[in-house]
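Take the sequences, apply the hints, and build the full model.
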Amino acid sequence: MLPVCKGIFLLLGFQLPAQSSFDSLKIKLPKHYFNTVIAVDAYRKKEVPFSDTSKALSKRLKSYGIKQFYVNFYTPLATKSWMGADSISKNSHLLLTGTFVSLRPVFSGITDHNLVKFGIGMRYIYNTGKKGVWFADVSPFLTRDVSSPSKPYYRLASTFIYSQNESPNFNWRLGITKSFQWGNRYYLPFIGIRVGRLDKVNVSLQFPRSMSVNVPLNSKVILSLYTRPQGGMYNFSNVDTLYFKSSDATFHFTRYELNSGLRVDVRAGSHINFYLASGLSSRNNISFYSEGANKNRPIANYNTYFYKVSLPNSLYVNFGLVLVFGKTRSYYNEKNIYDAADLNNVIGAPNGNIQVPLPAKNTSKQNLESVRDLVDYNDI
Amino acid sequence: MKRFFTILLFLATFFGPLRSPAQQDRNKVEALRISFISKRLELTPAESEKFWPVYNEYNDKLRAIKRNLRTSYHKKSGELSDNEAEELYQLDVQSKQAEADVHKHYSERIKGIIGVKKTVKLRLAEEEFKREMINTIREKGD
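The listed protein sequences derive, respectively, from chains A and B.
If you're matching positions, the first sequence starts at 1 in my numbering and goes up one per residue.
If you're matching positions, the second sequence starts at 1001 in my numbering and goes up one per residue.
Accuracy of the hints is not assured; some may be wrong.
Computed list of lysine to aspartate or glutamate pairs in DMTMM-like fashion (alpha-carbon distance at most 25 Å, straight line) [what the hints assert, rightly or not]:
#, chain 1, residue 1, chain 2, residue 2
1, A, Lys361, B, Glu1127
2, A, Lys130, B, Asp1060
3, A, Lys220, A, Asp41
4, B, Lys1066, B, Glu1099
5, A, Lys90, B, Asp1060
6, A, Lys327, B, Glu1030
7, A, Lys28, B, Glu1099
8, B, Lys1104, A, Asp41
9, B, Lys1111, B, Asp1101
10, A, Lys220, B, Glu1030
11, A, Lys200, B, Glu1099
12, A, Lys130, B, Glu1057
Hints in this document: simulated from the structure, not taken from any laboratory.
Encoded structure:
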């Protein structure tokens, strides 16, 4: 028993002075590993006329384009870090997330519609400290056509993923997600593979979210070639009587497209990042369905459409600004935190992985100010 | 779209100057230092998993102590009263003590993770990087 007691006293005797002398200075260290990030994004897709006008509604709608604006944010609410018995640092993170989307589908034959989506959610990340990261996201939201009288509609997006970092160069992910990005409300399997380090050239396949080749050109610019679905399900006012039953005030509008293009992320500073992307939007689909009518047909699927059409390819342009607030703990070379930052980027605000530090290459152009924390008077 | 660009311009003007070039340089130096140490240490994946969280925590604390002391000196750079001088003196002594305690505490933890040889290698790498930085600044000054 005595050696054990001795051990405990030694441990306490060794640990307490370090902590108490530091605490006596009353210095506040950052609590969280994640910054508060706000991403503002504008997306525009060129208006194209309907090629097939055999459907009566196609004739009425005439053409289709997209003007979309969204604000996305996440902020850490709580962080817990502890040391496991195996000397492995583990941590868990609770984040508050939010989304505001204003989507204006441009149909030249009918009045303007502003379809708004607003949601507040929660995200939980658990870093096992070894190879795995657990990620859960729940984002309830409301959609409403604010341009005309309509009632809001509630939906729930959610994602649950396990991410395994076999090494800094190889990661796989498995999970389930319901994102509405494919214009439906199915739970889809999430399958992800990344080859290459997050802070270097990497190829990432994150079905059903994105596929990309990312190339950091230097510590400030990242170039990406990507393919990503974009879409959603929105409430649409029946003010133009697109649905024959004029007594139905709203119906559902779904859309999805597959965007393939080039994106440039620029880290203008520690607190600001912007990106510009452009490319070709293919597999453009839109559809309308009436929930009331589908409910009255018990054997019909929820998405039995009264109008569905595929549209020709078109060009798109996407511009975004990412604002980063606050200070975080250091997490250099902590591959699981990099991975969690990437999950935030894939699932939430597309921030270009602003939180993953890119390696700097040259030692020139340094000044004394920049190495102040490293040097003592006697060193010079 | 016009509204978006107006907002963007406003935000860029607001956030642009928040960090001075010196602050950005410090982040770059930190990234360089970490990369330098990584190369020198040649950690195994198992060591890496345990080492970096501890080393990052150690650096956060050490940096915070230095900055706290520096800021306190800057704040009271004019004529000092006896009380202020005493406070600064006490803070200086406490800070040096805290630095030594933090160094000892984390060195032991690091030694437990990567062994004594690599711990010494780490200190050598830190010194070597510091020297390299000072030489870079000297060359720039010449």
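The hints, checked one at a time:
A distance of roughly 19 Å separates the Cα atoms of lysine 361(A) and glutamate 1127(B); the hinted pair therefore holds under the 25 Å criterion. For the proposed pair lysine 130(A) and aspartate 1060(B), the alpha carbon gap of about 22 Å is at most 25 Å, so the pair holds. In summary, the hint linking lysine 220(A) to aspartate 41(A) is supported, as the alpha carbons are separated by about 20 Å, within the 25 Å threshold. Between the alpha carbons of lysine 1066(B) and glutamate 1099(B) the distance comes to roughly 8 Å, so the proposed pair stays at or under 25 Å and holds.
Note on lysine 90(A) and aspartate 1060(B): the hinted pairing holds, with a Cα-Cα distance of about 17 Å set against a maximum of 25 Å. The suggested pairing of lysine 327(A) with glutamate 1030(B) holds, with an alpha-carbon distance near 15 Å, which does not exceed 25 Å. For a cut-off of 25 Å, the pair hint linking lysine 28(A) to glutamate 1099(B) stands: about 15 Å separates their Cα positions. Note on lysine 1104(B) and aspartate 41(A): the hinted pairing is violated, with a Cα-Cα distance of about 48 Å set against a maximum of 25 Å.
This hinted pair checks out: lysine 1111(B) and aspartate 1101(B) have alpha carbons roughly 15 Å apart, not beyond 25 Å. A threshold of 25 Å between alpha carbons decides the hint, and for lysine 220(A) with glutamate 1030(B) the separation of about 15 Å falls inside it, so the pair holds. Annotation: proposed proximity of lysine 200(A) to glutamate 1099(B) is violated, straight-line Cα distance about 34 Å (limit 25 Å). A threshold of 25 Å between alpha carbons decides the hint, and for lysine 130(A) with glutamate 1057(B) the separation of about 17 Å falls inside it, so the pair holds.
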